[in-house]
Structures are given as structure tokens and as C-alpha cells.
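Asks: Here the structure of chain A is known, so what remains is to put chain B in place on it, guided by the hints.
Here's the letter readout for the chains.
Protein chains: 2
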Amino acid sequence: MSVERLAINQITVKAWSFEETVRGLARHGIGWIGAWVGPVEEYGLERAAALLRDHGVRVSSMCRAGFFTGKNPDGGGLDHDANRRAVDLTAAIGGDVLYMVSGGVHDDLSLPRSRAAVVEGIAELVPYAAAAGVRLAVEPLHPMMCAERSVTVTLDQSLDIVERFDPAHVGLAVDTYNVWWDPGLDAALARAGDRIIGYQVCDWLVPQPHPTFGRGLPGDGAIDIPAITRAVDAAGFTGPIEVEIFNEKVWARDPDDVLAAVVAGFPHHVLP
Amino acid sequence: MSVERLAINQITVKAWSFEETVRGLARHGIGWIGAWVGPVEEYGLERAAALLRDHGVRVSSMCRAGFFTGKNPDGGGLDHDANRRAVDLTAAIGGDVLYMVSGGVHDDLSLPRSRAAVVEGIAELVPYAAAAGVRLAVEPLHPMMCAERSVTVTLDQSLDIVERFDPAHVGLAVDTYNVWWDPGLDAALARAGDRIIGYQVCDWLVPQPHPTFGRGLPGDGAIDIPAITRAVDAAGFTGPIEVEIFNEKVWARDPDDVLAAVVAGFPHHVLP
Numbered sequence: 001m002s003v004e005r006l007a008i009n010q011i012t013v014k015a016w017s018f019e020e021t022v023r024g025l026a027r028h029g030i031g032w033i034g035a036w037v038g039p040v041e042e043y044g045l046e047r048a049a050a051l052l053r054d055h056g057v058r059v060s061s062m063c064r065a066g067f068f069t070g071k072n073p074d075g076g077g078l079d080h081d082a083n084r085r086a087v088d089l090t091a092a093i094g095g096d097v098l099y100m101v102s103g104g105v106h107d108d109l110s111l112p113r114s115r116a117a118v119v120e121g122i123a124e125l126v127p128y129a130a131a132a133g134v135r136l137a138v139e140p141l142h143p144m145m146c147a148e149r150s151v152t153v154t155l156d157q158s159l160d161i162v163e164r165f166d167p168a169h170v171g172l173a174v175d176t177y178n179v180w181w182d183p184g185l186d187a188a189l190a191r192a193g194d195r196i197i198g199y200q201v202c203d204w205l206v207p208q209p210h211p212t213f214g215r216g217l218p219g220d221g222a223i224d225i226p227a228i229t230r231a232v233d234a235a236g237f238t239g240p241i242e243v244e245i246f247n248e249k250v251w252a253r254d255p256d257d258v259l260a261a262v263v264a265g266f267p268h269h270v271l272p
Numbered sequence: 001m002s003v004e005r006l007a008i009n010q011i012t013v014k015a016w017s018f019e020e021t022v023r024g025l026a027r028h029g030i031g032w033i034g035a036w037v038g039p040v041e042e043y044g045l046e047r048a049a050a051l052l053r054d055h056g057v058r059v060s061s062m063c064r065a066g067f068f069t070g071k072n073p074d075g076g077g078l079d080h081d082a083n084r085r086a087v088d089l090t091a092a093i094g095g096d097v098l099y100m101v102s103g104g105v106h107d108d109l110s111l112p113r114s115r116a117a118v119v120e121g122i123a124e125l126v127p128y129a130a131a132a133g134v135r136l137a138v139e140p141l142h143p144m145m146c147a148e149r150s151v152t153v154t155l156d157q158s159l160d161i162v163e164r165f166d167p168a169h170v171g172l173a174v175d176t177y178n179v180w181w182d183p184g185l186d187a188a189l190a191r192a193g194d195r196i197i198g199y200q201v202c203d204w205l206v207p208q209p210h211p212t213f214g215r216g217l218p219g220d221g222a223i224d225i226p227a228i229t230r231a232v233d234a235a236g237f238t239g240p241i242e243v244e245i246f247n248e249k250v251w252a253r254d255p256d257d258v259l260a261a262v263v264a265g266f267p268h269h270v271l272p
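Protein sequence lines, in the order shown, are assigned to chains A and B.
Residue numbering for the first sequence follows full-length UniProt numbering, beginning at 1 and increasing consecutively.
Residue numbering for the second sequence follows full-length UniProt numbering, beginning at 1 and increasing consecutively.
Incorrect hints may appear among the rest.
[Said to hold, decoys possible] Okay, the calculated beta carbon distance ranges per label pair:
| # | chain 1 | residue 1 | chain 2 | residue 2 | range |
| --- | --- | --- | --- | --- | --- |
| 1 | B | Ala234 | A | Asp160 | 20 to 26 Å |
| 2 | A | Thr212 | B | Leu45 | 38 to 44 Å |
| 3 | A | Pro209 | B | Ala15 | 23 to 29 Å |
| 4 | B | Gly76 | A | His80 | 54 to 60 Å |
| 5 | B | Ala50 | A | Gly75 | 52 to 58 Å |
| 6 | B | Asp96 | A | Thr238 | 52 to 58 Å |
| 7 | A | His80 | B | Trp251 | 41 to 47 Å |
| 8 | B | Asp156 | A | Pro167 | 38 to 44 Å |
| 9 | A | Pro209 | B | Trp251 | 18 to 24 Å |
[Claimed, not checked] Heads up, simulated DSBU-like pairs for lysine-lysine below, C-alpha to C-alpha not over 30 Å straight-line:
| # | chain 1 | residue 1 | chain 2 | residue 2 |
| --- | --- | --- | --- | --- |
| 10 | B | Lys71 | A | Lys71 |
| 11 | B | Lys249 | A | Lys249 |
| 12 | B | Lys71 | A | Lys249 |
| 13 | A | Lys14 | A | Lys249 |
In case anyone wonders, no lab produced these hints; they're calculated from the structure.
C-beta atoms are modelled at their ideal positions from N, C-alpha and C, and glycine is treated no differently.
Looking at chain A on its own, in the form it has when it is part of the complex (with noise of 0.2 Å):
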């Protein structure tokens, strides 16, 4: 099966709860999902846990936790109890892959510092992590993201962060609308080896319709995804590719139409 490695984060398919959404992959051979924290635990845990088994689907990823400097999305700043909760959540729901994003700018300006919690942040959370047999994804954000979400924008500087800690607890994610424009890209990606555990993929639509929602299905926009996909295989990833598409467009769609479209396009605009 071309699309057994394919999974869909489930912010592709916005317009459906968890449910319908573990549902709706079953429905199309999907075997994976990336999973976001607040539906899960709006749906509950042992259910969500019971309905993934039911329907034969696997957690790739979960997002996500993190904001370890800058302002969280809720306005407050560094919240260690959601971070640890959606560690349980992740496994709960049998993932061990679990999305960090790094936050942004401190308020006062000093991209150093705030890069300093960063590290801090992570320092603190790996313990509970590892116990929970969680691994903390370190994820470059396109560098568009760098005020308000990610002072962690290239590979190599996300690579210098994980290869502080044991590869059994914190590894690399790649999302090609992230990293795609780097010079640097090939080298970092040959440098990350086997740190990386998760690899995302969305197009980058020419031109952007929206500062953060400008991602596009896989085939649409500017990005040689298969290019990419070569070079994470060929660092010796073998994981789940997540298909995460921001963008107002595409959620507003029949989620159905859409997931047709992304597995008749994966063979060709996804894999190398």
C-alpha cells in the first residue's frame, strides 16, 4: 500500500471532532493520526483510547506542548502543568511522540534569553516525560513564526537543542512549510540522522492567502516535497508522514473530499 507511512494531523480535517475524525480515516485506509490535545481530552481519554484501537488507528504524533518563553496562546506565560498533562494525554492514547513549540519573544526583545528558556524548558520537562515513555519533538517553525511562537526557527539551531539530551527522550521533527527555504537544509538534515521522529508535510501556496494559514495540500504550492522526503528517509527516518494543512480553504471543504485528495496525491507529491 503507497499510502501505509501516510498520517493526517487532525487540523487537516478541522471541521470533525476526534471521532469523526478516527472515524473518517478508518473510512479511507488511513492508518494514522496526528492528534491535538484539546479534542482528545474533550472526547475523553479510555474513549479516545478504545476508538483508535477499534478502528486500527496509530498515534503518530500529539500537539503539542511547550511556549517555554513568550506568551502562551491562552496570554499567560510558561504553564508546567499543561505541558505535563498533555504528556499524559500522549500516552494515554498510545503515542510517544509529543509536538513542542518553543514559544516567542520575550517581552524584552532579547532573542538570546528567550532562546536560553527554550533549552531550560525542555531541561525540565524531559524527566516526566521519559517517564511517561514520551519523546519531546523539538520543531523548527517557519522563521515567520519567530515573534509570537518559535524562537526556534532552522534545523541545525533545533539540532544544538536536541543533541543536549539522551536520543531515547528528545529527537527532531521536520515540517517542510517550515524548513524548506533553508540553504542549510540537506546538510542538517544528513547531521540529524536518526534523531528525527517526525516528519510533516503541506505545501507552501504561492501566493500566501494569510500570515499563518497559508499551507497548502501536498502538489499545490512551492515546495519540492518528495525532494525532502528523500532526504529524511535517507537520514534513516522510516516513520509515519503527517499531512498538516493550515488553511481556511481546505477546512472548509468536505474533510472527506479532502482526505481523497491528499491520498491520491501521496504517492506522487509526497513520496520520493
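Replies: Frame of chain A, contents of chain B only:
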């Protein structure tokens, strides 16, 4: 005078014609203009040169030539004539720095091939520019513009290009909006040294109001501009500091008010 290094790029006062801009700058005690090809051409070369001379306003830079890869804004491909005309215009009004916009991704989506085309394009333009006494400024644009406008996105990558050429003919341009997020920023500026021939500033607004027009007045956003100015100066740059703002709300304001705000904020929000 604390504003003796202040230059205003004409796009910052977009509602004004070239003549209004030069008169306005002189009125506010600003001695430098970052000019654009279109308005200068429209006003007339000799008239423009005379107007600048009469008002004691010098040209900090000309914007722009390039688009060596991908599509030109007019939808066409590489326009040799337009690039040479931009060189002529720069020299005719007494400027000696012409900004290059590299251009976006080729139709085949190959970044390596697109980037090679940039080097070839600059190499081809250098003799013509050198003969006119105009230096070509290679500028990394923010990675959010990689697809459509510039496959050149980091200072180090731009320096790799700049260092292929004679320092008398090709240099580096630094714009805070484009480079502030780079984890290698300080090291790259130190590496650049006296290859820096242009420095532009504006702030990164939070949230970004538009995919490309999200730039704010210095002090209004997330960038520690004085820290970057300090590093640029430490590298050896002593030239004008050009405030260039793409922002529809700024453009809707009375340009005299915008200039007064820039002048008032310059010592605190731009200078080290």
C-alpha cells in the same frame, strides 16, 4: 545631529511623489533618500538629480534590480534591459548602491538551480554596473518571501555570493525585518565586515497584519533594532540607515506625521 545617518526609503511615504518626498525629507532635516526606479523614471532623470542637489538630499540606495530566477513582478522572466536601466538611473542621480532582489523559485521547484541562476545573473550584471560606478547590494529577504521574491534568505548564504566578487562592485545589504530571526545573525554580521554596503530598518509587528505588509515603525514590534545596529556598526558600516516600511496603515497616515515619528524615534529605537 542624531539623525545625520537617517535615510528614508520612498516606499515609507508611498502617498508622496518623488518630488514631494525629496521636499518633505529636506523639510524634516533628513539628508538621505532610498529611491525607487519607477518614481525616478517618471519624474525624469535630470530633474531628479537637480531636485536632490537643490535640497541637499543624497541617495542612500536605489531599489531595485534582479529577479534573476522565477517570475518578475511583471510576470516575465529575467529582464536584462530593466536591470541595466536601473544601473543607469542609480548613477544618474548620484547613487552608488543598487539593491538586488534575487527572484523566486523556478517552475521546476529546484532551489539549487534557482540559486545558481542568481549567481549567474549577478555575475552578468557586474561589469555593466562596475563601469557605471554602481555597487550591487545582495540582500537576503525574509524566508517568507522565498517562493516568490528571493531564494536568497540568509546573511551567510548572501555572503557566499558576495564573496565571489570584487568588494568594489558587490556588497551585502542588511534589513532588520529580513534577518532579525537568524540564530547566526551576529556571527554573519561579523563575517560580513566591510562588505556591508546597505542597512535598512523597520520593525516586525505582532501580529503580522498582512503576509507582506507587516512592517512597522522602529519600536513598534518584536525586533531589538538598536542591538542589530550595534552589530552592523561594529562590523564597520558607517553609512546611512534607511527606514523602509511596507504597511498599509502607515501609508494611510499623513507622510509628514510619519516622518516626524521616525525622526523622534530614531535615536531611541534605531541607534545603538
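Asks: Output the indices of the hints that this structure fails to meet, ascending.
Replies: Hint check: 8 and 10 fail, others pass.
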